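> Sequence:
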Amino acid sequence: MSENAISSDAHAEYIKTFERLLGNVAEIKSLLLNYEEKDKHVNVSELIGIYDDIFRDQALGQHIDYEIKFVPKSTYAYIPAELNDENAYYHLTLKIASPEFSWLNELYAGRIEELLQYFRFLFSTIDSVFVLRNKSKLAQFQTLTDEIAADIAAFVEKVLENDRNLTDFLKQQDIEIELLRTQPKETIIYKSDAEAFSVIIKKNGIYKLYHFTDSSNIDSIIKHGYLYSWKYCEDNGIMIPAPGGNLLSRDLDSRKKLENYVRASFCSKHPMLNRVIGDGVVKEPVFLEIDPEIIYWSGTKFSNMNATRKDAVIGDSIADFARINYALTQRKPQFGNRTHYDAFQAEVLVFEKIPVAYIKNL
Numbered sequence: 001m002s003e004n005a006i007s008s009d010a011h012a013e014y015i016k017t018f019e020r021l022l023g024n025v026a027e028i029k030s031l032l033l034n035y036e037e038k039d040k041h042v043n044v045s046e047l048i049g050i051y052d053d054i055f056r057d058q059a060l061g062q063h064i065d066y067e068i069k070f071v072p073k074s075t076y077a078y079i080p081a082e083l084n085d086e087n088a089y090y091h092l093t094l095k096i097a098s099p100e101f102s103w104l105n106e107l108y109a110g111r112i113e114e115l116l117q118y119f120r121f122l123f124s125t126i127d128s129v130f131v132l133r134n135k136s137k138l139a140q141f142q143t144l145t146d147e148i149a150a151d152i153a154a155f156v157e158k159v160l161e162n163d164r165n166l167t168d169f170l171k172q173q174d175i176e177i178e179l180l181r182t183q184p185k186e187t188i189i190y191k192s193d194a195e196a197f198s199v200i201i202k203k204n205g206i207y208k209l210y211h212f213t214d215s216s217n218i219d220s221i222i223k224h225g226y227l228y229s230w231k232y233c234e235d236n237g238i239m240i241p242a243p244g245g246n247l248l249s250r251d252l253d254s255r256k257k258l259e260n261y262v263r264a265s266f267c268s269k270h271p272m273l274n275r276v277i278g279d280g281v282v283k284e285p286v287f288l289e290i291d292p293e294i295i296y297w298s299g300t301k302f303s304n305m306n307a308t309r310k311d312a313v314i315g316d317s318i319a320d321f322a323r324i325n326y327a328l329t330q331r332k333p334q335f336g337n338r339t340h341y342d343a344f345q346a347e348v349l350v351f352e353k354i355p356v357a358y359i360k361n362l
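Read in order, the letters of the sequence shown correspond to residues 1 to 362 in full-length UniProt numbering.
By construction, these hints were calculated from the structure, which means they are not laboratory data. One or more hints might be untrue.
[Said to hold, decoys possible] With a Cα cut of at most 27 Å, we get these calculated BS3-like pairs of lysine-lysine:
hint	residue 1	residue 2
1	Lys-185	Lys-269
2	Lys-95	Lys-29
3	Lys-29	Lys-191
4	Lys-203	Lys-231
5	Lys-29	Lys-223
[Stated by the list, open to error] Derived DEER-like restraints, expressed as beta-carbon distance ranges:
hint	residue 1	residue 2	range
6	Val-44	Lys-332	38 to 44 Å
7	Glu-147	Glu-186	50 to 56 Å
8	Asp-146	Gly-237	53 to 59 Å
In this text the structure is predicted, and so the values were computed from the model without any measurement. Note that beta-carbon positions come from the ideal geometry of N, C-alpha and C, so glycine has one too.
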């Protein structure tokens, strides 16, 4: 994804789209209830009108491709005639179009794509004689609509809650970062309750953490003796041959004052790896194996999912560490399962740098 294509407000716009589509889902439920109560057949034209109102919205149109058109049925494909309900069927195009939403959709476990899939499924199924006359199908759609609405509403509420707490979080970040900067440069200070962390580490058999980078960065890491945060490299003139992330991801880091932290994960099959390979950010991935001792360090933080997400819970306490679903990170990835997806993106965040002595495979 080109950095020039990324808007600094893309993250906020993505969240607003959830709220907008959530209201639209409620409108569709109302339509289905109306058909069921009045024992009427579904009017596809009326559904198209609702879809037009939703997806021809100017703000949404920047990020989502939308089109409904007639496609001739196979028996009429070669017969010149004006297309209508009898000789053609409706074809819906509904997909993410912008680089921003594509990247953020990956970050947020495909939530917008899931909503678009719901709209596609509803439209393709309603556009059939069977469903038009099947009240039980309409009832199933209502149930599905309720489930989606509840899920999105819970997500948005968590985002809003974190937004309300963001000011306090950033103030605490300033205090903690200042304390970390006053520590002796080569001295490692451990958490006062490190033994409690040790219990969880031993119980779960956490023998290594992972950080993926491009192979072209390895020589630089060895030369400088540390795996540095991208911000430290930027501030100290250290050239990164293949920088991780892009303008958007760095902007998201900075909004939470996480730009000076090195990330490590609990699994070697990170769901964001395919995204960065596809974007050309990483061409030849290498997974560095990190000693889990970094968990004990003062200032090390933990996030129960990708830390840049607006619904992430981040902190340095034993409660924050215990919140991570480590068992799920060790299973075979099931990226269609949101619980799995979130768990696979759980992170350990180390302030500024990790010495190469703690990288097991260098």
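> Next, verify each hint and record whether it holds.
Quick rundown of the hints versus the structure:
1. Lys-185 <-> Lys-269: Violated, at about 33 Å.
2. Lys-95 <-> Lys-29: The given pair, whose Cα atoms are some 22 Å apart, holds under the 27 Å limit.
3. Lys-29 <-> Lys-191: violated, 52 Å
4. Lys-203 <-> Lys-231: Measuring from Cα to Cα gives roughly 34 Å; hence the hint is violated.
5. Lys-29 <-> Lys-223: violated, 60 Å
6. Val-44 <-> Lys-332: 38 to 44 Å: Holds, since Val-44 and Lys-332 (Cβ atoms, about 41 Å apart) stay within the stated range.
7. Glu-147 <-> Glu-186: 50 to 56 Å: Check passed, 54 Å falls within 50 to 56 Å.
8. Asp-146 <-> Gly-237: 53 to 59 Å: Since Asp-146 and Gly-237 have Cβ atoms about 55 Å apart, the given range 53 to 59 Å holds.
Of the hints listed earlier, those the structure fails to meet are numbers 1, 3, 4 and 5, in rising order.
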